[in-house]
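**Q** So the protein lines, in turn, are chains A, B, C and D. The opening residue of the first sequence carries number 0 in numbering that gives the first Met the number 0; numbering runs sequentially from there. The opening residue of the second sequence carries number 0 in numbering that gives the first Met the number 0; numbering runs sequentially from there. The opening residue of the third sequence carries number 0 in numbering that gives the first Met the number 0; numbering runs sequentially from there. The opening residue of the fourth sequence carries number 0 in numbering that gives the first Met the number 0; numbering runs sequentially from there.
To be clear, the hints were calculated from the coordinates, so they are not data collected in a lab. Please read these numbers as outputs of a predicted model, since none were measured by experiment. Mixed in with the good hints, there may be bad ones.
[To be verified] Taking CB as the label site, the calculated pair distances span:
1. C:D79 to B:E225: 20 to 26 Å
2. D:K74 to C:R328: 49 to 55 Å
3. D:R332 to A:I41: 47 to 53 Å
4. C:D26 to B:E225: 46 to 52 Å
5. B:T8 to C:N24: 47 to 53 Å
6. A:E147 to B:N24: 25 to 31 Å
[To be verified] Residues from chain A that face chain C, not an exhaustive set, calculated with beta carbons under 10 Å:
7. D14
8. V17
9. A18
10. E118
11. P159
12. D249
13. A271
14. K274
[Claimed, not checked] The list that follows gives simulated cross-link-like pairs (lysine-lysine, DSS-like), each with its CA atoms no further than 25 Å apart:
15. D:K154 to D:K130
16. A:K193 to B:K130
17. C:K193 to B:K62
18. C:K193 to C:K69
19. C:K276 to D:K62
20. D:K193 to C:K130
21. B:K5 to C:K193
22. B:K276 to D:K193
23. A:K69 to A:K200
24. C:K69 to D:K130
25. A:K5 to A:K88
26. D:K276 to C:K5
27. C:K5 to A:K276
28. D:K130 to B:K62
29. C:K62 to D:K276
30. C:K193 to D:K193
31. A:K130 to B:K193
32. D:K130 to C:K197
33. A:K130 to B:K74
34. C:K69 to C:K88
35. B:K130 to A:K62
36. B:K74 to C:K130
Ideal Cβ placement from N, Cα and C applies to all residues, glycine included.
Number of protein chains: 4
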Amino acid sequence: MIAVLKSGTTPAQRDHLVAWLRRMNLDVHISEGAEVTVLGLIGDTSRVDMELLGSLEIVQSVKRVSEPYKQVNRKFHPMDSVIDIGSAKIGGGHFAMIAGPCSVESEDQIIGVAMAVREAGAKILRGGAYKPRTSPYAFQGLGSQGLELLRAARKATGLPICTELMDLRHLDEFHDIDMIQIGARNMQNFDLLKEVGKTDKPILLKRGLSSTIQEWLMSAEYIMSEGNEKIILCERGIRTYETATRNTLDLSCVPILHELSHLPVVVDPSHATGKAKLVAPMAVAAAAAGADGIMIEVHNDPAHALCDGAQSLTPDKFADLASRVEIVREAIR
Amino acid sequence: MIAVLKSGTTPAQRDHLVAWLRRMNLDVHISEGAEVTVLGLIGDTSRVDMELLGSLEIVQSVKRVSEPYKQVNRKFHPMDSVIDIGSAKIGGGHFAMIAGPCSVESEDQIIGVAMAVREAGAKILRGGAYKPRTSPYAFQGLGSQGLELLRAARKATGLPICTELMDLRHLDEFHDIDMIQIGARNMQNFDLLKEVGKTDKPILLKRGLSSTIQEWLMSAEYIMSEGNEKIILCERGIRTYETATRNTLDLSCVPILHELSHLPVVVDPSHATGKAKLVAPMAVAAAAAGADGIMIEVHNDPAHALCDGAQSLTPDKFADLASRVEIVREAIR
Amino acid sequence: MIAVLKSGTTPAQRDHLVAWLRRMNLDVHISEGAEVTVLGLIGDTSRVDMELLGSLEIVQSVKRVSEPYKQVNRKFHPMDSVIDIGSAKIGGGHFAMIAGPCSVESEDQIIGVAMAVREAGAKILRGGAYKPRTSPYAFQGLGSQGLELLRAARKATGLPICTELMDLRHLDEFHDIDMIQIGARNMQNFDLLKEVGKTDKPILLKRGLSSTIQEWLMSAEYIMSEGNEKIILCERGIRTYETATRNTLDLSCVPILHELSHLPVVVDPSHATGKAKLVAPMAVAAAAAGADGIMIEVHNDPAHALCDGAQSLTPDKFADLASRVEIVREAIR
Amino acid sequence: MIAVLKSGTTPAQRDHLVAWLRRMNLDVHISEGAEVTVLGLIGDTSRVDMELLGSLEIVQSVKRVSEPYKQVNRKFHPMDSVIDIGSAKIGGGHFAMIAGPCSVESEDQIIGVAMAVREAGAKILRGGAYKPRTSPYAFQGLGSQGLELLRAARKATGLPICTELMDLRHLDEFHDIDMIQIGARNMQNFDLLKEVGKTDKPILLKRGLSSTIQEWLMSAEYIMSEGNEKIILCERGIRTYETATRNTLDLSCVPILHELSHLPVVVDPSHATGKAKLVAPMAVAAAAAGADGIMIEVHNDPAHALCDGAQSLTPDKFADLASRVEIVREAIR
């Protein structure tokens, strides 16, 4: 970490600051320039409050030279992490399509979708039981009953299941869920991160709506610092001024994350775009960008044929998308 | 709610959709135009999933005509809400300065600051016991002990106390806290919102880092829908591309919220700007914009005189700020 | 266009508004609801100032039902536009790699790069002569001399040339440039758009740094409304809060633009990301998303070997990228 | 400027870079750390391309220690600039209300508004003659005739006049305009900036829709580097994800600009918010934040009484706002 001191700083002020930094067990290397003095801080700077330091009267600016995350950092773990989710693997060359309905609605629905997406090549079944909803008046999901239906679909198809945990009081209920999703709105729910960090479950950590890549990795670090190394990052679009899509899918994060971290990266084009027509081209683009997996909303409910145009795809369209993703993956191999 | 159908929609498709809408207990008023058909939906549309409807193949776009929030809506509650927080009142012409340190560190510190800010006119003491930190390696606050110290400061000064609740398992411990803060990162932690909605405590609901005003009001609606009407909204800056400040303080939200809702609005310029020099002008501007309260970080620790430049103010600077805020409030009365 | 009137609107106010709208040659269809009145405006609404209408005291909100752009709209021109740029074609299934250095520096440099990129499959040579620079003290490009050098490179290789026009007083000088680039910062320089609209040159219109897709199409409409139909849209990243890349590449815009407009879409991953390592994965992803062309910065200056890591690629890396793009294009055909 | 080199950098690579930097007439101070090497660059770094340097293979990051702007920098010009605009002054304690209609429409209109706003205390008349419009089909302003009408209003009231210049070919026509406005969309139209920099006219430089404060100051530096020191900065809202206002008014920029620069800062709440109801509270807040002037849209057209609700205020409402601004300015003096 480097701290640049303002030009008017007195030697006494500088020494006062240096002493304070040394009390934090840091070596301080002082470099006096014509205009400014630069302090190089050496040691474990992950505990230094960068904002506090930067806001001191005599400090012009502060810059990290090393990343604030450790266990998720590729520097300290050069090999790709490979995560086992039941019979599926993600990362290190292993790729998985994750598919299923937005909400679990009935046994027929979830088993029907599960069979269809398995047929089309999906490796993991997703489905919402507890649903984060902006409005308290909207349907909040089937809850426990939804988990039961997911288990039934797993039994019928053999697919491992993935569903979102919102409330840490439900953790026991998730004991046999194959992959626990932490949603975008909970990416900085630190107590929830710590609790899932104490389990041995694979965690799908969605990016917060306005989270930087560094903040996202810090949230993964929260989970890993409690002992759980089975983390999969999931890009689902970020909030920008553009209104043509629900969110802006940031595919650049895929190669960036692969450089910074050893964790696998999955892309969810359904939630990012909010429009069925955009799901297929963005899924193919995600595969081309190097994603380790793609998560797609699929529905299979003839009674709601009206919903064909939603961000959900029919099984047929999903099968077509999955084969195109496979072709692109072959092409860039 | 208005739904515009695409030009190629067949009568059968239209009727199918209308039937589906009517099954949701909505009246549907059909208006056929040359190019498009417009459906007017009348009734309780707060349960309609606007995104789902908008994503249907035959629907071009959907628009809400009435707001999705009810209990926080000024339309249904024209008078300003006035919230009692111990001896203080906020809203409906009642104004309060809320002040205190970022983190509670020791009995001397918190009592010292509490006495100083009471002297300068603060009505409520704030201080962090459980701290949301981006890094798992950063100091996470004194926790229970911090709550104890806040109680001691309340006893010493008579000031009601406000502190952040992050984990709903701690709710019992907060039984005698005068105002519970829900932080920006938890603004859409819906289970936490529901739990504090079941208490009778005043809730200070901070705006999420990239939350729209409507989403913020929907989160307040979550609390109120469980029975707790004592909600104070707190603007603390939103995330933008500008890097000169930590966040961009959105003061326009003050008059907007006063038009849309009956709830009081507090502004926190310390966290929004992250720079002590900006706190005073932004606090005065917030008062001029009509804020019902202002929340300021104040420290009082001679051992850390270095930190003078942080976003925290010294008691002296806070006293000066408080008197300028009062002058502006008098001026615009 | 639909205007929703507020609930308290009197019949006199409504009639006053309707009369005003009818004076603009619009048919007005009135639909009275229980809570609100909805006006449907039929006719040429492209001249209606939507913001003015929406800000009237009695108007709750306004919504366009049809797009404000006409000539660039696919509805009125269902076939893909194919643009000829010298020997190259873009659009309607024709794909082109556009490559070259950020700035034209010398004859050796530009001819060297031109020969290398032609060899690797580029169809068009790009290079900056007049450079938009944030600082008045930075090198502003070789200007006229740079154009001369581009002509020399065209003569040596046969590649058509593309370079940026910033000042409409230079238009004469650009008479034999094969494709004129309008930069991101000039996307809403409306007088410049009108002037290039009066030429018969292909125009590469870059997206503004914080431009919506609709604003971008409106800028293309400015050019086309003056008679020039040879427009190519170029996505180059948008401004967001994320700092890991210079800008956020919005690949979703490719399928969206293909739905809304008949104009071809090119993607520039070099400027969007600002990092050489990200250029190749994002170029391949752009091809997968359906882009009609890709624009890449390539340098070829052994004296500046240090710059290898910049957003520019060496000819070798470009050749590798070009072949991977080709493979993906084959795969998704 | 500080450059941090990556840990794997060889001495040869480092020396190569240092030699390159020294050829740019910079002193380079090398500080070898355990993990990284830090280069301190001393001298005129305003010509160094920070992005190029930062993108070199061996460079981890680059940080400016001094600002890239000089002539607009308060460090080199500690006293506030005071700008004379006809009979009005702005800056250094001089405050001016600038008011007038969005577009000049007729002699009656502009003289009527001019008399009304002078009566209410405005010091400068504004009005659009050449209008930047998103759509080529929208009314583009009266042009030359609009300038004539503004001159007539000046003659009738004595108020200096301010209007927007979009096309540098119109510069001659603006020879007697008292203050030339450069609009938000042209903030980085560098050729236009250079041309107005060669005049001796006061320039009102609006902030670009997604411009950082530093980019804005660099655009002012463009003007000043050509010799014109009469620059007034005008905040008019920035583009964010929030849709409740047209743009987000960033009042924090007022104290920040006052710290970084000697130039006066004016705030335009009319364009920022787009809603008449928000203009008055945001104008008062701007005054409280320390603005040197406020720019307000005022209309005076009984035939368009319908428009009362637009972002424009009636003269009566403007007079009320002006007196409240004055009271707040007195209060914070």
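**Q** A separate judgement is required for each hint: does it hold in the structure or not?
**A** Here's how the hints hold up against the structure:
| no. | hint | result |
| --- | --- | --- |
| 1 | C:D79 to B:E225: 20 to 26 Å | 55 Å, violated |
| 2 | D:K74 to C:R328: 49 to 55 Å | 53 Å, holds |
| 3 | D:R332 to A:I41: 47 to 53 Å | 49 Å, holds |
| 4 | C:D26 to B:E225: 46 to 52 Å | 49 Å, holds |
| 5 | B:T8 to C:N24: 47 to 53 Å | 27 Å, violated |
| 6 | A:E147 to B:N24: 25 to 31 Å | 29 Å, holds |
| 7 | D14 | 33 Å, violated |
| 8 | V17 | 29 Å, violated |
| 9 | A18 | 32 Å, violated |
| 10 | E118 | 22 Å, violated |
| 11 | P159 | 28 Å, violated |
| 12 | D249 | 5 Å, holds |
| 13 | A271 | 8 Å, holds |
| 14 | K274 | 8 Å, holds |
| 15 | D:K154 to D:K130 | 23 Å, holds |
| 16 | A:K193 to B:K130 | 14 Å, holds |
| 17 | C:K193 to B:K62 | 35 Å, violated |
| 18 | C:K193 to C:K69 | 16 Å, holds |
| 19 | C:K276 to D:K62 | 21 Å, holds |
| 20 | D:K193 to C:K130 | 14 Å, holds |
| 21 | B:K5 to C:K193 | 33 Å, violated |
| 22 | B:K276 to D:K193 | 34 Å, violated |
| 23 | A:K69 to A:K200 | 21 Å, holds |
| 24 | C:K69 to D:K130 | 21 Å, holds |
| 25 | A:K5 to A:K88 | 52 Å, violated |
| 26 | D:K276 to C:K5 | 16 Å, holds |
| 27 | C:K5 to A:K276 | 35 Å, violated |
| 28 | D:K130 to B:K62 | 31 Å, violated |
| 29 | C:K62 to D:K276 | 21 Å, holds |
| 30 | C:K193 to D:K193 | 21 Å, holds |
| 31 | A:K130 to B:K193 | 14 Å, holds |
| 32 | D:K130 to C:K197 | 20 Å, holds |
| 33 | A:K130 to B:K74 | 29 Å, violated |
| 34 | C:K69 to C:K88 | 24 Å, holds |
| 35 | B:K130 to A:K62 | 23 Å, holds |
| 36 | B:K74 to C:K130 | 55 Å, violated |
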